[in-house]
Amino acid sequence: MAYSDKVIDHYENPRNVGSLPKDDANVGTGLVGAPECGDVMKLQVKVNPQTGVIDDAKFKTFGCGSAIASSSLATEWLKGKTVDQALAIKNTDIVNELSLPPVKIHCSVLAEDAIKAAIADYKKKQGAEGKTVEKAAQPTA
Amino acid sequence: MSIKLPIYMDYHATTPVDPRVVEAMLPYFTEKFGNAASRNHPFGWEAEEAVEKARKQVADLIGANAKEIVFTSGATESDNLAIKGVAEMYREKGNHIITCVTEHKAVIDTCKRLEKEGYRVTYLPVQKDGRISLDELKAAIGDKTILISIMTANNEIGVLQPIAEIGAIAKEKGILFHTDAVQAIGKVPFNVNDLKVDMASISAHKMYGPKGVGALYVRRRNPRVLLSAIIDGGGHERGMRSGTLNVPSIVGFGKAAELAKAEMPEESKRLSGLRDYLNDKLHKNLDEIYVNGSLEHRLPHNLNISFAYVEGESLLMGINDVAVSSGSACTSASLEPSYVLKALGAGDDLAHSSIRFGLGRWTSKEEVDYVADKLTSVVTKLRDMSPLYEMAKEGIDLSTMQWQTEGH
Numbered sequence: 001m002a003y004s005d006k007v008i009d010h011y012e013n014p015r016n017v018g019s020l021p022k023d024d025a026n027v028g029t030g031l032v033g034a035p036e037c038g039d040v041m042k043l044q045v046k047v048n049p050q051t052g053v054i055d056d057a058k059f060k061t062f063g064c065g066s067a068i069a070s071s072s073l074a075t076e077w078l079k080g081k082t083v084d085q086a087l088a089i090k091n092t093d094i095v096n097e098l099s100l101p102p103v104k105i106h107c108s109v110l111a112e113d114a115i116k117a118a119i120a121d122y123k124k125k126q127g128a129e130g131k132t133v134e135k136a137a138q139p140t141a
Numbered sequence: 142m143s144i145k146l147p148i149y150m151d152y153h154a155t156t157p158v159d160p161r162v163v164e165a166m167l168p169y170f171t172e173k174f175g176n177a178a179s180r181n182h183p184f185g186w187e188a189e190e191a192v193e194k195a196r197k198q199v200a201d202l203i204g205a206n207a208k209e210i211v212f213t214s215g216a217t218e219s220d221n222l223a224i225k226g227v228a229e230m231y232r233e234k235g236n237h238i239i240t241c242v243t244e245h246k247a248v249i250d251t252c253k254r255l256e257k258e259g260y261r262v263t264y265l266p267v268q269k270d271g272r273i274s275l276d277e278l279k280a281a282i283g284d285k286t287i288l289i290s291i292m293t294a295n296n297e298i299g300v301l302q303p304i305a306e307i308g309a310i311a312k313e314k315g316i317l318f319h320t321d322a323v324q325a326i327g328k329v330p331f332n333v334n335d336l337k338v339d340m341a342s343i344s345a346h347k348m349y350g351p352k353g354v355g356a357l358y359v360r361r362r363n364p365r366v367l368l369s370a371i372i373d374g375g376g377h378e379r380g381m382r383s384g385t386l387n388v389p390s391i392v393g394f395g396k397a398a399e400l401a402k403a404e405m406p407e408e409s410k411r412l413s414g415l416r417d418y419l420n421d422k423l424h425k426n427l428d429e430i431y432v433n434g435s436l437e438h439r440l441p442h443n444l445n446i447s448f449a450y451v452e453g454e455s456l457l458m459g460i461n462d463v464a465v466s467s468g469s470a471c472t473s474a475s476l477e478p479s480y481v482l483k484a485l486g487a488g489d490d491l492a493h494s495s496i497r498f499g500l501g502r503w504t505s506k507e508e509v510d511y512v513a514d515k516l517t518s519v520v521t522k523l524r525d526m527s528p529l530y531e532m533a534k535e536g537i538d539l540s541t542m543q544w545q546t547e548g549h
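Chains as they are written, first to last, in my numbering: chain A, 1 to 141; chain B, 142 to 549.
I should point out that these hints are in silico values taken from the structure, not numbers from a laboratory.
It cannot be assumed that every hint is accurate.
To be verified - So the derived label-pair ranges between C-beta atoms look like this:
(1) A:116 x B:369: 30 to 38 Å
(2) B:256 x A:2: 32 to 40 Å
(3) B:264 x A:124: 41 to 49 Å
(4) A:26 x B:537: 17 to 25 Å
Every value quoted in this text rests on a predicted model; they were computed, and no experiment measured them.
Don't be surprised by glycine CBs; every beta carbon is placed ideally from N, CA and C.
Next comes chain B alone, as it looks inside the complex:
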């Protein structure tokens, strides 16, 4: 089989829409174009029926009831709705929220905004493997705690948090539990009742559905979660999210959820096999490379590796026919290396040297071989021109060096 370049290995960023999903969506752009809120003619009924089918498909993927699915514009909105919605609704009960330092910015920045409005937020640290400590979580809980928001799987390192254990703690203490499950849902089994999750953010485009649509799972009983809306208007989605429903995308989201549920057992096995193969091959070819975060508690399709003594952006430049992403500062506008990797205590130098691989539905073994071989040759070349590698080989302990950092 020949390889088509460039190779896409950045499935955590987004995924292509599955052709079966596109097919399901198409009629809803043209002949079935009705507004799902039009109650008095067949165009509206047809659209509403399609939305309700999709709602059931999404609910089935996570073991929920269809009535517990609120469609949104995507997971960023879902995170905002969950956190701000609970904060406002339960303000009389308390003003304390617990989250974690490696959360997605949609959670962290939402919490930061609430802090300015008088809420108190605890950002739990993570351990070296990327997971929070349950003891630290328990210790952080107080009388005023109204919400725990901890992601299911991290978008950079793919590490799975102990969601079931967190859910049990939250339930015991009577605190609502939200999880940003964007990277996990459709990839690993996720059941809202087994995990005792009260709210979960979902995104369609991370699971071979279209961009611009997502959902928030909102538990309806035991307990019934109440949310203040953050978008006001016509009272769609049981008042929790006004705005005309994006029917074609919702239909696609539903189809993507149905496919994910059906294909997950086989697909996750295939992808973890390829991921382990990539990891083994790189370790065989190169010394001093380190996997960031737990390999045991990890999404099947994620690998995040630091290639010591090589800077991430120069590495990406050398593998420019492979689409991956780096935790290096230079790849973003912020000039700060990945806060997720820093939180693991890896050291900034290793954060600068990291590459995130996201495998997906169309990743082949040939592609994995190509990527591993290419990386091996580029890392070798860059190490040959790395003063750090030279010094390390001379036995100099880089951590004790006095570096000249002024002005940088």
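Okay, chain A solo, but in the shape it has when bound:
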């Protein structure tokens, strides 16, 4: 299968690989996908509570090159965006940017899901202010 140059670039030099402290109240974590499907993405955002702007984003992905590139690209795009702007990112934007072929569209869908899950986790924590949030990284079934 031929990969686009952008997919190869993200695979060779992934941006923002790593983890943020998942118990931090300002960090939202999304974990989507499943090992038996061949794709698992963990995407984290760190939001500045004063401004609502995403200061930092990190990812770790188990998946094909397109899944790695999709999540790497997502972290690049998230930084500097407000939470609402982040929620406006669509999987089709990722498909277009990375020139993903039809069989790889699910990778972009997963990245969009990961963004939404991370922000939902952040919002949940903010709503549950002062309470301990257990197992923030645990995905819902």
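Starting from the known structure of chain A, arrange chain B on it as the hints suggest.
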């Protein structure tokens, strides 16, 4: 010695034609171009003589009589001919066929077609080591069983089935026994009489011969196997396979068989040594890697390993100067991981993480070193970005996690 990139380590998919084979073939394209079925002039005689020599060379490799070799277009056709040919010929005797879940698609899909035509097929499961259980085979046999078709060596995991034992059971019960021996013949000793095999599918391009030619061994006595042809026409190959013989390729096939027979003892020892070296080196460098299928009952040149927490396609992308194949879904159009690895009960996640290495006649130790080193660095890099590896290291049991799988 310098290494030429990319490195080919996918000898189960196909093999290059040995230059000695090419040399043997060349005259049969031009000056010796006759039709082997032309009985009334020297062009035909010359071609026929070449075909008969090749037939003997192929027969000698498997301990058969030359008259028991039917040339085909390849092993897919051989599998079809054996299974459909027996099914039709012996329909009055019974309608039950026994095969196995890890067979090549040429066997499985042929059996599936027969099921639609009213035949009953038992697909035996395999044990964790990739081999069938002989007790389960015996239990599956009934009054209506006419054929057992079990491969000699698996194309993905290289596991050798207990062919001699299956042959003995089939003989005792009076059931015909076919084996797809494509990956094994020319690589490990294979004798149709020792193994009590009634039919065996062979392919030239898996043993340094040309593509587009293969054979079906069909036993002529004790018992004499009768087959209905699936290709009708001029009655070539004793009526079992019509069509003008592909003389240059058949000549190459014969030469490849002769070379395989002569070089097998030395070559298999060298390749199993390199394979074990690759396996040891990878195990030394990396944790949580697993060999799929039995190492003991295995082709000398095969290794199939799952690299836990790393997805196969991303792994292949990282070693793009090495030609290997993966059991990962993403490498095929089907989006399903390897059915062979799933049948071992390895779990889909490990099936997604697998790489098949096929070593061959021109694999060098330098190449093995290069591949092992490259894999080590790529697996390490990918694990550093794998959420699964991170979670496993934190002590989370991934098998008890509730994964969000909707929509995938």
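Query raised in the report: For the pair residue 116 of chain A and residue 369 of chain B, does the Cβ-Cβ distance stay inside 30 to 38 Å?
Result: Because 60 Å falls outside the window, the suggested range is violated.
Query raised in the report: Is the hinted range of 32 to 40 Å satisfied by the C-beta distance from residue 256 of chain B to residue 2 of chain A?
Result: Because 38 Å falls inside the window, the suggested range holds.
Query raised in the report: CB of residue 264 of chain B to CB of residue 124 of chain A, is that within 41 to 49 Å?
Result: 48 Å, holds
**Report entry** residue 26 of chain A paired with residue 537 of chain B, Cβ distance criterion 17 to 25 Å
**Finding:** 23 Å, holds
Hint check: a violation occurs at hint 1 only; the rest are consistent with the structure.
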